[in-house]
Amino acid sequence: MHEIRAEPIENSWILLCENRSKRPRGTDDRCPFCPGREAMTPPEIFAIREGPPDRPGWRIRVIPNKYPAVDLPDLKTPHEIVIETPDHNADIPDYTAEHLRDLLLVFRDRLREMCSKKDVKYVQLFRNKGARAGASIFHPHTQILALPFVPRRIKSELEFIREEGLDFERDGGTRTVAECGNFIAFAPYFSRFPYEIWVAPRVKRPDFSKTGEGELLHLALLLKKSVTALKHILGEIPYNLILHTLKDRDFHWHFEILPRYEGLAGFEVATGVYMNSKSPERAASDLRAAIKEEFDERRDSQTSV
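Using our numbering, read the sequence shown as starting at 14 and increasing by one per residue.
No lab work stands behind these hints: they were computed from the structure.
Please note that the accuracy of each hint is not assured.
Result set (DSBU-like, lysine-lysine): computed pairs, CA atoms no more than 30 Å apart in a straight line [stated by the list, open to error]: (1) 89 with 168; (2) 130 with 35; (3) 260 with 130; (4) 79 with 131; (5) 291 with 79; (6) 168 with 217; (7) 217 with 291; (8) 89 with 134; (9) 168 with 131; (10) 89 with 35; (11) 89 with 131; (12) 168 with 130; (13) 217 with 131; (14) 260 with 131; (15) 217 with 305; (16) 134 with 217; (17) 89 with 260; (18) 291 with 244; (19) 291 with 305; (20) 134 with 244; (21) 79 with 130; (22) 79 with 35; (23) 217 with 260; (24) 223 with 131; (25) 291 with 260; (26) 244 with 217; (27) 305 with 244; (28) 305 with 134; (29) 291 with 223; (30) 223 with 79.
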């Protein structure tokens, strides 16, 4: 059963998808995303691989979600899974910059394909790392979900960006985490979570799917540094990585990295008001120091005899 219901109190939407309750809880010894278990998933849509489809030999693999959250008549696979790596225990800091660039290229191209369909008004890309962040299978993967409406949060962001711009533009550098090429990582003034990081182009661009292939390596390096810094400070924490992108010329696409180690309590659920135990200014300072320590150490180890 799939149904989309209007939620009138917050002028939002509810996705009713009872099939999602049947999702497997993938244990390490029966993970359906590991190499050699390709028959446990639907046939792949796309892969970067050696050898024939639906066999081992892949580096990145895209499949339909077996338990989709929506059903759109114009789109055969409105809910996709990008299996990021054959390595069950890897995370973004473990990826080479080149592998992460290839992953971003897959994201870009799948977004292009989904957005080309007439019933699709918005496409959400999201990554759940850890049970507290919503993961039911722990093998590294990202989900891409097409929607027949633009979510309220995205509409609110569009209005804010149209009037104010992303707030790093007025920051003066105190909340800047790192920069690379045409991209910047920063802690937003209105951070909801401790150590929340946004990664965006320096200059306003609405649509991530139009990002040039040559730029994606810089973006990959910045995402890798950002998540590495989080792990340096907080250890193996659950987090969400999400992408907000829109074709409206006034939008400014960005990734959000949202640590979930404190979780949401009754107050946040009751009011929609977040309690953040770490100011974004202090968080940015900590993250800059962590990046310096992590990547200076790596350079030293590579140059030592």
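Proposed proximity, residue 291 with residue 217 (alpha carbon, max 30 Å): Measuring from Cα to Cα gives roughly 28 Å; hence the hint holds.
30 Å limit on alpha-carbon distance, applied to hinted pair residue 89 and residue 35: 21 Å, holds
Hinted pair residue 134 and residue 244, Cα distance within 30 Å: Roughly 35 Å between the alpha carbons, so the hint for residue 134 and residue 244 is violated.
30 Å limit on alpha-carbon distance, applied to hinted pair residue 89 and residue 134: Distance of about 16 Å is within 30 Å: holds.
30 Å Cα cutoff - pair residue 79, residue 130: Cα-Cα ~21 Å, so holds.
30 Å limit on alpha-carbon distance, applied to hinted pair residue 223 and residue 131: Cα-Cα ~19 Å, so holds.
30 Å limit on alpha-carbon distance, applied to hinted pair residue 244 and residue 217: 29 Å, holds
Residue 168 paired with residue 217 [C-alpha distance capped at 30 Å]: 17 Å, holds
30 Å limit on alpha-carbon distance, applied to hinted pair residue 260 and residue 131: Holds: residue 260 and residue 131 sit about 14 Å apart, inside 30 Å.
Hinted pair residue 217 and residue 131, Cα distance within 30 Å: It holds: about 26 Å lies between the C-alpha atoms, which stays within 30 Å.
Straight-line alpha-carbon gap residue 305 to residue 244, limit 30 Å: With Cα atoms ~14 Å apart, residue 305 and residue 244 stay inside 30 Å; holds.
30 Å limit on alpha-carbon distance, applied to hinted pair residue 130 and residue 35: 28 Å, holds
Hints 5, 20, 25, 28, 29 from the list above are not met by this structure, while the remaining hints are.
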